[in-house]
Amino acid sequence: MNRRQIPLLRESLTLVGFVILNITLICAFTFYPLIQGIQLSLYQWDFISPFKIFVGARNYVRMFGDRTFWQIMRNTFVFTFSTVSLTVLCAFGLALLLSLPLRGREWTRGVVFLPTLLSGAAIALVFNYILDDRYGMLTQFLHIFNIKSPSFYTDPFWAMAGIVVTMVWKQAGYGAVILIAGLQGIDHTLYEAAAIDGAGRRARLWYITIPSLAPMLLFVVVTGILGAFQSFDIIKVMTNGGPINATNVLVYNLYERGFVNFEAGPAGVLTVVIFVIMLVLTILQLQVGARNNAV
Amino acid sequence: MPSNTRPRISLPQILAYIAMAIVIILVGLPLIWMLFASFKQTDEIYRMPGTFFPEQPTLMNYPAAWNAVPFGRYFANSVITTVVATASKMILALFCAYALVYTKAPKWLKDGAFLLIVAALMVPGQVVIVPNYVTMSMLHWADSYQGIILPNAATAFGTFLLRQYCLGLPYEVVEAAEIDGASHWQRLWLVIMPMAQPALVTVGLFAVVSEWNDFLWPLIITNTNEMRTLPIGLYRLYQTEGLQNWGIIMAGTVFVVAPIVLLFVRSQKFIIEGIAAGAVRG
Chain F
1 MNRRQIPLLR ESLTLVGFVI LNITLICAFT FYPLIQGIQL SLYQWDFISP FKIFVGARNY
61 VRMFGDRTFW QIMRNTFVFT FSTVSLTVLC AFGLALLLSL PLRGREWTRG VVFLPTLLSG
121 AAIALVFNYI LDDRYGMLTQ FLHIFNIKSP SFYTDPFWAM AGIVVTMVWK QAGYGAVILI
181 AGLQGIDHTL YEAAAIDGAG RRARLWYITI PSLAPMLLFV VVTGILGAFQ SFDIIKVMTN
241 GGPINATNVL VYNLYERGFV NFEAGPAGVL TVVIFVIMLV LTILQLQVGA RNNAV
Chain W
296 MPSNTRPRIS LPQILAYIAM AIVIILVGLP LIWMLFASFK QTDEIYRMPG TFFPEQPTLM
356 NYPAAWNAVP FGRYFANSVI TTVVATASKM ILALFCAYAL VYTKAPKWLK DGAFLLIVAA
416 LMVPGQVVIV PNYVTMSMLH WADSYQGIIL PNAATAFGTF LLRQYCLGLP YEVVEAAEID
476 GASHWQRLWL VIMPMAQPAL VTVGLFAVVS EWNDFLWPLI ITNTNEMRTL PIGLYRLYQT
536 EGLQNWGIIM AGTVFVVAPI VLLFVRSQKF IIEGIAAGAV RG
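So the sequences go chain by chain: F and W. Residues in the first sequence are numbered consecutively from 1, following my numbering. Residues in the second sequence are numbered consecutively from 296, following my numbering.
Be aware that a few hints might be false.
Claimed, not checked - Straight line, CA to CA, 20 angstroms or less: simulated DMTMM-like cross-link-like pairs of lysine to aspartate or glutamate: (1) Lys399(W) x Asp475(W); (2) Lys402(W) x Glu11(F); (3) Lys399(W) x Glu473(W); (4) Lys399(W) x Glu467(W); (5) Lys52(F) x Glu263(F); (6) Lys405(W) x Glu470(W); (7) Lys405(W) x Glu263(F); (8) Lys399(W) x Asp46(F); (9) Lys402(W) x Asp475(W); (10) Lys148(F) x Asp132(F); (11) Lys564(W) x Glu106(F); (12) Lys399(W) x Glu470(W).
What the hints assert, rightly or not - A few chain F positions that, by computed beta-carbon distances, are all more than 12 angstroms from chain W: (13) Thr24; (14) Ile53; (15) Tyr60; (16) Met63; (17) Met73; (18) Pro156; (19) Asn245.
Treat the hints as calculated values from the structure; they're not laboratory data. From the three backbone atoms N, C-alpha and C, an ideal C-beta is built for every residue, glycine too.
Just chain F, with the same shape it has in the complex (with noise of 0.2 angstroms):
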């Protein structure tokens, strides 16, 4: 070994001890579970019996010829964009309102952020509490003007409605926060010289504020997508999937099949279905990405 190799092993050496317990437990339980969760997939078994008996690809077909699958596959869509719009929506107001030159805008942001750092199981208590509707605050307001609460245990489409509307109230603070920090970074002499041509404040939205935040909202828009997707606690605490699997959503399914009736198999498919479908999500995303930073 020469000379210039002992400095170069040495710190090779450095970084494997520096990185090494941080990258094994990333693989231990980030990358085996992927390999693992298509493995099981493939058997069927009940997480306690000794024996797994392999099915092939038996627990797909069977989990695609399912129309129970392809409603949790459309209230997953439905839950997913009826989230995201709203929130991208509410946070884009509240980044403009909020980017005034308004006293008390910065106790405000706080205000408004808060909810995001909140327990998902906690905050959906207090909604749950909120839409009761024998003695919820949504039910005694209503009272006021005579009208009956919709109930929202019961109704499919107003259980829906329900945790979409608690998930907008945890997450659009995280948008607008992101969407300040944009509006703060566009150059102010575009609005400047977009007033000297005449445009007005719809041209300035429409053409300086928007196309300049693009990079933003799409940050909002995916990270929005992967939250919704992800979310569990709101859905578990609020509805249980429920009424009637109007409400069971890719994930939560995932807990029911594998948690509630200890079918590993199909809780393998779900694993490797979500992950797909999160895969193809990312690779968009870093296509689009990339094409805004090309222009």
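Keeping the supplied structure of chain F fixed, place chain W upon it in accordance with the hints.
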């Protein structure tokens, strides 16, 4: 020209202030409702028409909630898992980020390690629960602290954030320390850690919030009161009290939410700046 010293408030400004007030009410109301209900007596909660402000405030719901389920134990479990997982995440991420930026190991080795981190960013935590549960029960670690903590003991996101932050630090300082004969260990603790503190604090705060609120993983990995964490315990309280006593349930909710609210009040600037920085860079 005599200028008007009093700033004049225009109509759009008034509208903006009204909008801001509405925002504060919409966001704050659920939390106020929770807090007020926790001070209401049972018969006041189940009255039509009801009240908004508690008429005869009582503190009774708090001890009632605390004793209905073993909240003391849940609290301890939440503190233990949150502190250990957060400390582990911060230390492992700092070491990893330092090594990826400052060691002179061959490029393929550093790039390979970094690629693993970036790839892990794309795997969402909820996807891997079923296989991780199988692993943990094979190791007989279901319903144990290591079972709750280990899958959350490392953070790809935090490592990524710290690495990006280190890349933005002046490299000369580390070089100067190296010329002075400081080892990697010394450079990491005495030079980089103080300089990377803002990013490190952000990683820590994110970890605290996500551990404290984590619901799905502790729900499946714990099955006794000795191991349950606060959010799971709160859910148990809800199941035992059912729809019978919202006052007690809201008091339990305050137990879970209050520590995070206090943390936020103390470190609001760090959290909000950290979020914005993460988005700008990511």
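Evaluated hints:
For the given pair, Lys399(W) sits about 17 angstroms from Asp475(W) by alpha-carbon distance, which is consistent with the 20 angstroms threshold. A hinted pair counts as satisfied when its Cα atoms are at most 20 angstroms apart, and Lys402(W) with Glu11(F) qualifies at roughly 11 angstroms. Pair hint Lys399(W) plus Glu473(W) holds up; C-alpha atoms about 12 angstroms apart against a cutoff of 20 angstroms. At most 20 angstroms may separate the alpha-carbon atoms for a hinted pair to count; Lys399(W) and Glu467(W) meet this at roughly 15 angstroms.
Annotation: proposed proximity of Lys52(F) to Glu263(F) holds, straight-line Cα distance about 11 angstroms (limit 20 angstroms). Restraint check for Lys405(W) and Glu470(W): satisfied, since their Cα atoms lie roughly 19 angstroms apart, inside the 20 angstroms limit. As the CA atoms of Lys405(W) and Glu263(F) are separated by approximately 41 angstroms, the hinted pair breaks the 20 angstroms bound. As the CA atoms of Lys399(W) and Asp46(F) are separated by approximately 49 angstroms, the hinted pair breaks the 20 angstroms bound.
For the given pair, Lys402(W) sits about 25 angstroms from Asp475(W) by alpha-carbon distance, which is inconsistent with the 20 angstroms threshold. A distance of roughly 12 angstroms separates the Cα atoms of Lys148(F) and Asp132(F); the hinted pair therefore holds under the 20 angstroms criterion. Between Lys564(W) and Glu106(F) the alpha-carbon distance is near 10 angstroms, which keeps this suggested pair within the 20 angstroms criterion. Pair hint Lys399(W) plus Glu470(W) holds up; C-alpha atoms about 12 angstroms apart against a cutoff of 20 angstroms.
Distance to chain W contradicts Thr24(F) as a non-interface residue, since its nearest Cβ pair spans about 8 angstroms, not more than 12 angstroms. Annotated as non-interface, Ile53(F) keeps its C-beta farther than 12 angstroms from every C-beta of chain W; the closest such distance is 16 angstroms. The Cβ of Tyr60(F) sits about 16 angstroms from the closest Cβ of chain W, beyond the 12 angstroms cut-off, so the non-interface label holds. The Cβ of Met63(F) lies farther than 12 angstroms from every Cβ of chain W, with a closest approach of about 14 angstroms, so its non-interface assignment holds.
With a least beta-carbon separation of about 16 angstroms from chain W, Met73(F) lies farther than 12 angstroms from that chain, consistent with its non-interface assignment. With a minimum CB-CB distance of about 20 angstroms to chain W, Pro156(F) clears the 12 angstroms threshold, and the non-interface call stands. Distance to chain W confirms Asn245(F) as a non-interface residue, since its nearest Cβ pair spans about 19 angstroms, more than 12 angstroms.
Violated hints, listed in ascending order, are 7, 8, 9, 13; each of the other numbered hints is respected by the structure.
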